[in-house]
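Put chain B on the given structure of chain A with help from the hints.
Protein chains in written order, with the numbering used here: chain A, 357 to 597; chain B, 154 to 371.
Rather than coming from a laboratory, the hints here were simulated on the basis of the structure. Take the hints with a grain of salt, since some may be wrong.
[To be verified] Here are the in silico distance ranges between beta carbons for each label pair: (1) B/V190 / A/L493: 46 to 56 Å; (2) A/P388 / B/G242: 51 to 61 Å; (3) B/I181 / A/A381: 53 to 63 Å; (4) B/L310 / A/L590: 28 to 38 Å.
[As the list claims (entries may be wrong)] With the C-beta cut set under 7 Å, the calculated list includes, among others, these residues of chain A facing chain B: (5) A497; (6) L511; (7) V514; (8) F522; (9) S526; (10) W533.
From the three backbone atoms N, C-alpha and C, an ideal C-beta is built for every residue, glycine too.
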Amino acid sequence: MSIWEYANPVKFMRTSGAVLPWVAAAAAVSLPAGLLWGWLTPEDYKQGATVKIMFLHVPAAMMAINIWVMMLVASLIWLVRRHHVSALAARAAAPIGAVMTLVALVTGAVWGQPMWGTWWEWDPRLTSFLILFLFYLGYMALWGAVENPDSAADLTGVLCLVGSVFALLSRYAVNFWNQGLHQGASLSIAPGERMSAVYKYPLYLCMAGFFLLFLTLLLLRTRTEIRRRRTAALLAREVRA
Amino acid sequence: MIALLMRDLRLATRAGGGFGLGLAFFLIVCTLVPFGVGPQGGTLALIAPGILWVGALLACLLSLDRIFALDWEDGSLDLLATAPLPLEGAVLVKAAAHWITTGLPLVAAAPVFGILLHLPGAAQPWLVAALALGTPALSMLGAFGAALTVGLRRGGLLMSLLVLPLYVPTLIFGAEAVRRGAAGGDGTTPLVLLAGITMAVLAAIPFAAAGALRVNLR
Numbered sequence: 357m358s359i360w361e362y363a364n365p366v367k368f369m370r371t372s373g374a375v376l377p378w379v380a381a382a383a384a385v386s387l388p389a390g391l392l393w394g395w396l397t398p399e400d401y402k403q404g405a406t407v408k409i410m411f412l413h414v415p416a417a418m419m420a421i422n423i424w425v426m427m428l429v430a431s432l433i434w435l436v437r438r439h440h441v442s443a444l445a446a447r448a449a450a451p452i453g454a455v456m457t458l459v460a461l462v463t464g465a466v467w468g469q470p471m472w473g474t475w476w477e478w479d480p481r482l483t484s485f486l487i488l489f490l491f492y493l494g495y496m497a498l499w500g501a502v503e504n505p506d507s508a509a510d511l512t513g514v515l516c517l518v519g520s521v522f523a524l525l526s527r528y529a530v531n532f533w534n535q536g537l538h539q540g541a542s543l544s545i546a547p548g549e550r551m552s553a554v555y556k557y558p559l560y561l562c563m564a565g566f567f568l569l570f571l572t573l574l575l576l577r578t579r580t581e582i583r584r585r586r587t588a589a590l591l592a593r594e595v596r597a
Numbered sequence: 154m155i156a157l158l159m160r161d162l163r164l165a166t167r168a169g170g171g172f173g174l175g176l177a178f179f180l181i182v183c184t185l186v187p188f189g190v191g192p193q194g195g196t197l198a199l200i201a202p203g204i205l206w207v208g209a210l211l212a213c214l215l216s217l218d219r220i221f222a223l224d225w226e227d228g229s230l231d232l233l234a235t236a237p238l239p240l241e242g243a244v245l246v247k248a249a250a251h252w253i254t255t256g257l258p259l260v261a262a263a264p265v266f267g268i269l270l271h272l273p274g275a276a277q278p279w280l281v282a283a284l285a286l287g288t289p290a291l292s293m294l295g296a297f298g299a300a301l302t303v304g305l306r307r308g309g310l311l312m313s314l315l316v317l318p319l320y321v322p323t324l325i326f327g328a329e330a331v332r333r334g335a336a337g338g339d340g341t342t343p344l345v346l347l348a349g350i351t352m353a354v355l356a357a358i359p360f361a362a363a364g365a366l367r368v369n370l371r
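In isolation and in its complexed conformation, chain A is listed as follows (with noise of 0.2 Å):
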């Protein structure tokens, strides 16, 4: 039994299915506890209440980068072993991964506000979550724009790899034309600065929360894409009858 048996569209939506009530279950039940836990947290010393934003902004950047990750591997999938699967994956995942980082966008200006002065500063990470944003816009807009599915599959798999190197590019780019305003990691191994276990287990629990509501989104989105791909197999069989 490998991983690739799911490449089977059949085997796909069966385990799918089973999956999908107990993952959504599971985020149902962890990203509103997370963000309860959050709101209930006691106010930074320095930041106030302000600080709370940080449930919402830190796991939807979290996301944001992981789901182009996620892109990225089942475009590859996609185009050295020709998945159907992994290729409609890729395309669900880009629309939730824009949201993410539209969300992580909004969130941090709502953040920045109250605590730099300011909605929206040129810094590194900020310009290049938005560079991401236009990366994530023009990988859906040529997924809508090709209307043979599988040579759309093909040149946005093309698009992703080129599209992520440069967004990595750009992502050090950055950090060479403006010193930036944002702190650096915010969860780290390394000993140090490190935030209070106070903030650190509700954000835990928010970024589970929101792991498993991508994965809800994700599986719900390729099932659709499988099915909308059999009506028009069917609809095209009917055309030729």
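Chain B in isolation, oriented as in the chain A frame:
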């Protein structure tokens, strides 16, 4: 390859080829900016590196769809794909032709536009060097965008959306080199990084662009 290059150059320079349009567009951008921000020399000198680079970028973008669209329409792209010359080579040559007809004139004319925008004299060599090193990458990335969208009826706007984010690193390093030059500093570091990006793009992107073309020709 040389025959293909000469063919593309001839097509671009003869009537209706649009040679010089990019340059004219660049001139218009540089003329309009002072109307927008006011004629004060100090302000213009401050923003000149950025304006010149963004202008060059847009001028390059303007003519990108010509790289493959005409050949796609009359079928010569199919011939190129079946020719003994690898498609990667053809893509490289077509990007080179695009660069010679739009990038190179921009590089040559940049000092004049720099004067128009009150760019300090010390920055002029940096501007020319940065444009000379950066515009090949713009043409090559543009060829990739054009290859992705060649089969689409209204690919132009989509291509801008795909290509412009790819231009970010080139723009950052190119404008930074000129800005450092304008401040009387040394722009070598961004210039070297810019050259590195251009080299990497020229080495790797032809494969991606040729792959996209093959998909579109399928």
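Hint-by-hint comparison with the structure:
Checked against the hint of 46 to 56 Å, the pair B/V190 and A/L493 fails, with Cβ atoms roughly 29 Å apart. Remark: the range hint 51 to 61 Å for A/P388 to B/G242 is upheld by a beta-carbon distance near 58 Å. In this structure the hint that B/I181 and A/A381 lie 53 to 63 Å apart at CB holds, the actual value being about 60 Å. Separation of B/L310 from A/L590 is about 34 Å and conforms to the stated range, judged on CB atoms against 28 to 38 Å.
Interface restraint check: A/A497 against chain B, minimum CB-CB distance 5 Å, threshold 7 Å, status holds. Checking A/L511 against chain B by beta carbon gives a least distance of about 5 Å; that is within 7 Å, so the hint holds. Among the interface hints, the one on A/V514 holds; its C-beta lies about 5 Å from the nearest C-beta in chain B, closer than the 7 Å criterion. Using the Cβ-Cβ criterion of 7 Å, the hint placing A/F522 at the interface with chain B is satisfied: the shortest such distance is roughly 5 Å.
A hinted interface residue such as A/S526 counts as satisfied when its beta carbon comes closer than 7 Å to some beta carbon of chain B; here the least separation is about 5 Å, so the hint holds. Satisfaction of the interface hint for A/W533 is found here, the shortest Cβ-Cβ separation to chain B being roughly 5 Å, below the 7 Å cut-off.
Violation of the numbered hints given earlier is confined to hint 1; every other hint is satisfied by the structure.
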